[in-house]
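Visitor: Sequence:
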Amino acid sequence: MTIEKFLQILFSIGSRYYLVAGAYFLIFYVLFKKGLSSKKIQKAYPKWNDYLREIGYSFGTIILFAAVPIFIVQNPAVRPYTTLYDRMDGMGWGYYWFAYLLMFLMHDTYFYWAHRIMHHPSIFKWVHKVHHLSTNPSPWAAYAFHPLESIVETGIFVLFVFTIPVHQSHIYLFFFFSIIYNAYGHLGWELYPSGFSKSWIGKWINTSVSHNQHHKYFKGNYGLYLLFWDRVMGTLREDYDTAFEKVKQKQ
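Quick note on numbering: the sequence shown equals residues 1 to 251 in UniProt numbering.
Hints should not be assumed to be uniformly reliable.
FRET-style restraints, in silico, Cβ to Cβ [claimed, not checked]:
{"#": "1", "residue 1": "Phe6", "residue 2": "Lys33", "range": "34 to 42 Å"}
{"#": "2", "residue 1": "Gln74", "residue 2": "Lys43", "range": "44 to 52 Å"}
{"#": "3", "residue 1": "Ile70", "residue 2": "Ser169", "range": "17 to 25 Å"}
{"#": "4", "residue 1": "Lys246", "residue 2": "Lys33", "range": "20 to 28 Å"}
{"#": "5", "residue 1": "Lys125", "residue 2": "Phe6", "range": "26 to 34 Å"}
{"#": "6", "residue 1": "Leu191", "residue 2": "Asp239", "range": "14 to 22 Å"}
{"#": "7", "residue 1": "Asp89", "residue 2": "Leu52", "range": "39 to 47 Å"}
Quick list of in silico lysine-lysine cross-link-like pairs, BS3-like style, CA-CA up to 30 Å [stated by the list, open to error]:
{"#": "8", "residue 1": "Lys40", "residue 2": "Lys250"}
{"#": "9", "residue 1": "Lys40", "residue 2": "Lys129"}
{"#": "10", "residue 1": "Lys39", "residue 2": "Lys129"}
{"#": "11", "residue 1": "Lys250", "residue 2": "Lys33"}
{"#": "12", "residue 1": "Lys34", "residue 2": "Lys248"}
Since the hints were made in silico from the structure, they are not lab data. Where is the CB? At the ideal position from N, CA and C, for every residue including glycine.
Build out the structure end to end from the sequences listed, making use of the hints.
Guide: In structure tokens, the structure reads:
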């Protein structure tokens, strides 16, 4: 039964990764490559070996992401101590929708600080260097982590199920949204319009340009969904707004 459940979870996580990253890749790197090439953030394209490396490490990440719920959610010795609940309306519909906002803010905060720590020189090469082999990332880089980093990344799932009441649908829908935005961050093209990075709301939202700069320069722009922590902590690159507009002005 545990093996069967593991395979189900593995398929669920793997299918959303391959579906989302694959759709982005098909549209931008295959079908409309010629028409969109002039608007690419970095003019060059990754080599096929880069795509294969990203997909390979991502598969390892998917396996680890699937294993953690088995040891927690499917473990009768641990499950009773989690905050998971079964009925969709078990905590009320108001809380059900509010929980997504909580998860969003918790994940963004967790990622920023974990990400900054992984950039510390004493641990970078052991944990985060694999992800930064993609200096010009593609959507396949979304889950391209060293196993140690995969463990760090899955920590947010553990945090969710031991701190705030969550339903299984919270986990599925939130992480589906997460991979959509994660793959967009590694896309190589900017989807937001010109002027967005300086708008009253856009200046707080992370973009593909922002994360592409992080992969290119290895420093600054550590956020996931938002730029809140980058702006508050002074880690947003000074040339970010200029780079954003330069990309949007490409013909």
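Visitor: Look at each hint and say if it fits the structure.
Guide: How the hints compare with the structure:
Separated by about 37 Å at the C-beta atoms, Phe6 and Lys33 satisfy the suggested range of 34 to 42 Å. Checked against the hint of 44 to 52 Å, the C-beta distance between Gln74 and Lys43 comes to roughly 47 Å, which is consistent with it. Distance hint for Ile70 and Ser169: a CB-CB separation of about 19 Å, consistent with the stated range 17 to 25 Å. Taken as a hint, the range 20 to 28 Å holds for the pair Lys246 and Lys33, whose Cβ atoms sit roughly 21 Å apart.
At about 31 Å, the beta-carbon gap between Lys125 and Phe6 stays in the expected band of 26 to 34 Å. As the Cβ distance of Leu191 to Asp239 is approximately 20 Å, the hint placing it in 14 to 22 Å holds. Our hint of 39 to 47 Å for Asp89 and Leu52 holds, since their Cβ atoms are close to 45 Å apart. Between Lys40 and Lys250 the alpha-carbon distance is near 8 Å, which keeps this suggested pair within the 30 Å criterion.
With a C-alpha separation of about 24 Å, the suggested pair Lys40 and Lys129 falls inside the 30 Å cut-off, and the hint holds. A C-alpha spacing of about 28 Å is found between Lys39 and Lys129, which places the hinted pair at or below 30 Å, so the restraint holds. As the CA atoms of Lys250 and Lys33 are separated by approximately 15 Å, the hinted pair is consistent with the 30 Å bound. This hinted pair checks out: Lys34 and Lys248 have alpha carbons roughly 17 Å apart, not beyond 30 Å.
Checked against the numbered hints given earlier, this structure breaks none of them.
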